[in-house]
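Trainee: Protein chains in written order, with our numbering: chain A, 1 to 174; chain B, 1 to 282.
Treat the hints as calculated values from the structure; they're not laboratory data.
Just so you know, not all the hints are guaranteed correct.
List of simulated lysine-lysine pairs, BS3-like, C-alpha gap at most 30 Å [to be verified]:
{"id": "1", "chain 1": "A", "residue 1": "25", "chain 2": "B", "residue 2": "182"}
{"id": "2", "chain 1": "A", "residue 1": "115", "chain 2": "B", "residue 2": "108"}
{"id": "3", "chain 1": "A", "residue 1": "149", "chain 2": "B", "residue 2": "23"}
{"id": "4", "chain 1": "B", "residue 1": "209", "chain 2": "A", "residue 2": "25"}
{"id": "5", "chain 1": "B", "residue 1": "130", "chain 2": "A", "residue 2": "170"}
{"id": "6", "chain 1": "A", "residue 1": "149", "chain 2": "B", "residue 2": "143"}
{"id": "7", "chain 1": "A", "residue 1": "163", "chain 2": "B", "residue 2": "53"}
{"id": "8", "chain 1": "B", "residue 1": "53", "chain 2": "A", "residue 2": "115"}
{"id": "9", "chain 1": "B", "residue 1": "108", "chain 2": "A", "residue 2": "163"}
{"id": "10", "chain 1": "A", "residue 1": "163", "chain 2": "B", "residue 2": "96"}
{"id": "11", "chain 1": "B", "residue 1": "53", "chain 2": "A", "residue 2": "132"}
{"id": "12", "chain 1": "B", "residue 1": "130", "chain 2": "B", "residue 2": "143"}
{"id": "13", "chain 1": "B", "residue 1": "182", "chain 2": "A", "residue 2": "163"}
{"id": "14", "chain 1": "A", "residue 1": "153", "chain 2": "B", "residue 2": "23"}
Here are some chain A residues pointing at chain B (derived, C-beta under 7 Å) [as the list claims (entries may be wrong)]:
{"id": "15", "residue": "35"}
{"id": "16", "residue": "37"}
{"id": "17", "residue": "66"}
{"id": "18", "residue": "67"}
{"id": "19", "residue": "68"}
{"id": "20", "residue": "114"}
{"id": "21", "residue": "118"}
{"id": "22", "residue": "120"}
{"id": "23", "residue": "124"}
{"id": "24", "residue": "129"}
{"id": "25", "residue": "142"}
{"id": "26", "residue": "148"}
{"id": "27", "residue": "151"}
{"id": "28", "residue": "160"}
{"id": "29", "residue": "165"}
{"id": "30", "residue": "171"}
Chain B is faced by these chain A residues, among others (derived, beta-carbon under 7 Å) [what the hints assert, rightly or not]:
{"id": "31", "residue": "31"}
{"id": "32", "residue": "65"}
{"id": "33", "residue": "72"}
{"id": "34", "residue": "88"}
{"id": "35", "residue": "103"}
{"id": "36", "residue": "106"}
{"id": "37", "residue": "111"}
{"id": "38", "residue": "149"}
{"id": "39", "residue": "156"}
{"id": "40", "residue": "159"}
Even glycine gets a Cβ: it sits at the ideal position worked out from N, Cα and C.
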Amino acid sequence: MGTFLDTVNERIGDVPIQNCYHCRKCTAGCPVAFAMDINPNTVVKMIQVGMRDRVLGSSTIWLCASCETCVTRCPNDVDIARMMDVLRELAIESKVAPKEKNVLKFHEAFLSNIKISGRINEPLMIVQYKLKSGDYFSDLAMGMSMFLKGKIKIISPRTRDVKSVRNIFKHTGR
Amino acid sequence: MKVSYYPGCSLHATGREYDESVKAVSRALQIELAEVDDWSCCGASSAHMTNFKLSVALPARNIIAAEKSDRDVMVPCAACFNRFKSAQHHLARDAKLRSEVESILGAKYAGTVKVRTPIDIIYNDVGKEKLAAAVTKPLTGLKPVSYYGCLLLRPPEICEFDDYENPYMLDTIMKSCGAEPKKWSYKTDCCGGSLTLGKTDIVIRLVDKLMKAAREAGANCVATACPVCFANLDTRPSEDVRLPAFYFTELIALALGTPGPESWFGMHNVDPRPLLKSLGIV
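So that you can see chain A by itself, here it is in the shape it has in the complex (with noise of 0.2 Å):
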């Protein structure tokens, strides 16, 4: 078994982590940055030293918003974005607790909403995410104007072959 730093490479399967020099560009550029517990650039030096457990417990892997604005500015190709999703992937399969619970939650409702129907049903989806978190009063007021500007339907248009969309899910472990 590999150093947490080769697990992480090996899924990254690009560039590896450490060519980065710590010009911090990915943090001074990171719009969530400030948000975060732990710096994108730190995140890539905590895993070279093998801190695996504060790195897949922090808020950064979760509030990550995926722009990619580090990635391209990176001058060493290092794939931060692709970084954070793998130790998001590692932190899920290894059943850490997530700092921020609700942002997975969100995930997991949004995935188990596509297993439904093929589709996304936006109010079913909220209403799956509302259960989960528990945040069941935010943005009530803005459903249901929305609802009534005939914005969102309670029903709408299916994948037919449905069977097809689940078979992926079942095949790609989820």
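Mind docking chain B on chain A? Use the hints.
Mentor: Just chain B now, kept in the frame of chain A:
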């Protein structure tokens, strides 16, 4: 011209104005749309943030469906566009992944279909001159900032848009419609995207920054090409900074005099009609 059309889930729900305005504009500009048969969700952020293989296989199912025809596929939603392009990128360079995905889907992936945004198609295939010539109601006095966001542009080698730090196609399209797009340095900044439900406070901070920057640039509205950006711009900014947001196709439709704009504007959270009336556009 004829293209395949992948609307994606948002365009049948909170992004209805985008779907209807893309169709109205396409009709007016003689772009024939044929919907991809029995399409399914691309997986959006939630798939690639949690499960790489799923994030390739979900869009691949739709790309393979689009490959039944050799026409380009128009993908108006920036998030779907990004997922399609990303899947194509990984399928092209990873033979093992491709054969795995093909076996899950029970179909061959050819990689022959071109995935394109309506901005690209209108700018490059219709062209600014033809667009300007079709305008019957120039958007005089409308000063949008063009907001491209993240997913049309990044990563640049995957998205293959125009200029990833200072894109221009949408600005040119707005000019052809008689509007006066304002220069600003937030064209490609992030709105917070899918954090809108799980971390609303972060999204409010980001869209407030965008609205303040748009006001400083002298804009009176924001034009976008992404249903997630639109939802965030239309519903999340604080009351004292908000400006009307538009799908860029709503503005083209208005300039071309197609039916529809009034009913789309009625669905916005920030009603743009007072602005448009004050400028004599509606």
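Trainee: List, from low to high, the hint numbers that the structure doesn't satisfy.
Mentor: Hints 5, 13, 16, 23 and 26 not satisfied by this model.
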